[in-house]
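Peer 1: Residue-level listing of the chains:
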Amino acid sequence: MKLKIGIYWGAACGGCDVAILDTHEKLLEIADMADIYLWPVAMDFKYSDVRAMKDGFLDVALFSGGVRNSENEEIAKLLRKKAKVMIALGACAQLGGVPGLANMYTREDILKRVYLESESTTNPGGVLPLESARADGHDLDLPRLYNAVKTLEQVVDVDYTIPGCPPASLQIYSALGLIADDMLPKKGSVIGAGDRALCDECPRKKGEKTITKIYRTHEKLPDAETCFLEQGFICLGVATRSGCGSRCIKSWTPCRGCYGPLDDVADQGIKMLTALASVIEPKEEKDINAVLDQVIDPVRTFNRFGLAASMLRRRRT
Amino acid sequence: MKRIAIDPITRLEGHGKIMIFLNEEGKVDNAFLQIPELRGFEKFVEGLPIEEVPRVVTRICGV
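Residue numbers (the working numbering), protein chains in the order written: chain A, 1 to 317; chain B, 1 to 63.
Calculated directly from the structure, the hints in this document are not laboratory data.
Fair warning: this is a prediction, and the values are worked out from it, not measured in the lab.
Nothing false has been slipped in among the hints.
Only pairs whose alpha carbons sit at most 30 Å apart, straight line, appear in this in silico DSS-like list of lysine-lysine:
1. B/Lys17 / A/Lys77
2. A/Lys112 / B/Lys43
3. B/Lys17 / A/Lys46
4. B/Lys17 / B/Lys27
Pairwise CB distance ranges, derived in the manner of DEER restraints:
5. A/Leu130 / B/Val57: 20 to 30 Å
6. B/Val57 / A/Val265: 25 to 35 Å
7. B/Leu12 / A/Ser70: 17 to 27 Å
8. B/Leu12 / A/Thr122: 16 to 26 Å
9. B/Leu33 / A/Asp287: 55 to 65 Å
10. B/Ala5 / A/Arg315: 33 to 43 Å
11. A/Val295 / B/Ala31: 49 to 59 Å
12. B/Glu25 / A/Ser132: 22 to 32 Å
13. A/Arg315 / B/Ile50: 21 to 31 Å
14. B/Ile4 / A/Leu130: 15 to 25 Å
Ideal placement from N, C-alpha and C gives every residue a C-beta, glycine not left out.
Can you make the complete structure from the sequences, with help from the hints?
Peer 2: Structure, rendered in structure tokens:
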């Protein structure tokens, strides 16, 4: 029997949807194994269609994007009710992703910058988005922008996670195959990814790490063969799940951690910080700190994709 | 007055909703395009090391 699936996006960029499309001719196999009942980027279904479904009607909901506003949360809860299996698709649904970096600021900071201060905005009346407003005699409403980005798991029960920003297309395809073949592992598992650190599949040569200086990418040309971290470039491979195919590394670009933490790691950023501290050459605290101080943007470096899921989580005031 | 909601608008990157208000004769009195999403890249790229910006802003739109 064909699977019934719904694909949705919260605070996302659409890259996960494109990763599904990037399965190319395998998309035809996906179409053979599943009927799609919601997919805003590609098909014309409305929320009213989803509300009209019986509970549990969908076999699977694939939810990409974080939960940034009340609409994202409402649809996440709606899909949770309508789907037997809820899958967090991609780094934003799993960890908040890049949009989760907004958690460094308050809602008010963001609204002010975007609608009042940005160089490309003309807004002499100082108009800000309102949850409800009256325009030309008509009542209009907008979702409530939350104070912080939440992960999908922070608002609904999530059965499985397909990590990545974006998830590698073939990994999505193989994860859908697990569903179609009824081969899903135990609830809560990460699917469509490896179970080792990215370092284990990285093609670069690894030796003893003794870091004395941290480099920004424009400060030194990395050699072609050696581990980025050994050369002093921050690379999150050691704290990141494998499964991406080392695509950034192969493009001469150090990892920023989009595949998220391994199992049993509570905080990817802290894991990376711990790993980094252990390979600093100086051994005196003062000298270690002098090296670590060269990381110019630690929050957004170590938590590039995971801030909303991290212990730092969000700015409070 | 009758309201028609096209929610969500589809087959594009991003979130949108169209509200159409009809008058007594059933003709369109007014229509509003609403964008119910905001992520705030304008704010959270501030202070980001310049070499990291391309890796962040590519997540504005992945389509």
